[in-house]
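**Q** Per my numbering, the very first residue in the sequence shown carries number 4; after that it's consecutive.
Among the hints, erroneous ones may be present.
Claimed, not checked - With a cut-off of at most 27 angstroms between alpha-carbon atoms, the simulated DSSO-like pairs for lysine-lysine come out as follows: (1) K177 <-> K157; (2) K157 <-> K185; (3) K185 <-> K161; (4) K155 <-> K177; (5) K185 <-> K155; (6) K177 <-> K161.
Just so you know, these hints were derived from the structure itself, not from any lab.
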Amino acid sequence: MSGMLIETESTPNPATLKFLPGRTVMEAGTRDFASPEAAAVSPLAEALFDIGDVTGVFFGRDFISVTAGPGVSWATLKPDVLSVLLDHFSAAMPLFRAGSAADISVPGDAAGFADDPADADIIEQIQDIIETRVRPAVANDGGDIIYQGFTKGKVYLKMQGACAGCPSSTATLKNGIEQLLKYYVPEVTEVRAV
4 MSGMLIETES TPNPATLKFL PGRTVMEAGT RDFASPEAAA VSPLAEALFD
54 IGDVTGVFFG RDFISVTAGP GVSWATLKPD VLSVLLDHFS AAMPLFRAGS
104 AADISVPGDA AGFADDPADA DIIEQIQDII ETRVRPAVAN DGGDIIYQGF
154 TKGKVYLKMQ GACAGCPSST ATLKNGIEQL LKYYVPEVTE VRAV
């Protein structure tokens, strides 16, 4: 597939760049790789970590976010990342090794928090707002936010991709998402990252 163009966009996290191959990356859900060990299930994530200087890889619906290590210059890293992505997509390689697509984050997949069935209506409202208003916005920034649970007025969210470790992520969580959820769902008292 000659002439494939992969666009890049900056994110609010200066260490993370968003790469758009112009095609669907993940049909459903997202996948976050925080270490080379985690990347072993994906030939693409593994190849990106193999470049060196890469500390995080995140697959979104139509993008891949790559996080560079401290002090790494994107001017030198970006051509290597583009080369790996072009090789992968032109060869139409699979995103995951066979039988290893575990740990894909799917909305509504609350890990580790047992939601109270009595809160079902509130939880549905929270998940709807995250799905329709929050996730599309953070996807634009090269990341994702996954609902993890709701208990005693507190909403627990997991930040991934460019959103994890971003200098402005705490402000986004507290000033943006928390305010939005409190406005629409009065039962929400606080939003916390896990």
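**Q** Decide, hint by hint, whether the structure agrees.
**A** Checked hints:
no.	hint	result
1	K177 <-> K157	12 angstroms, holds
2	K157 <-> K185	10 angstroms, holds
3	K185 <-> K161	18 angstroms, holds
4	K155 <-> K177	17 angstroms, holds
5	K185 <-> K155	13 angstroms, holds
6	K177 <-> K161	13 angstroms, holds
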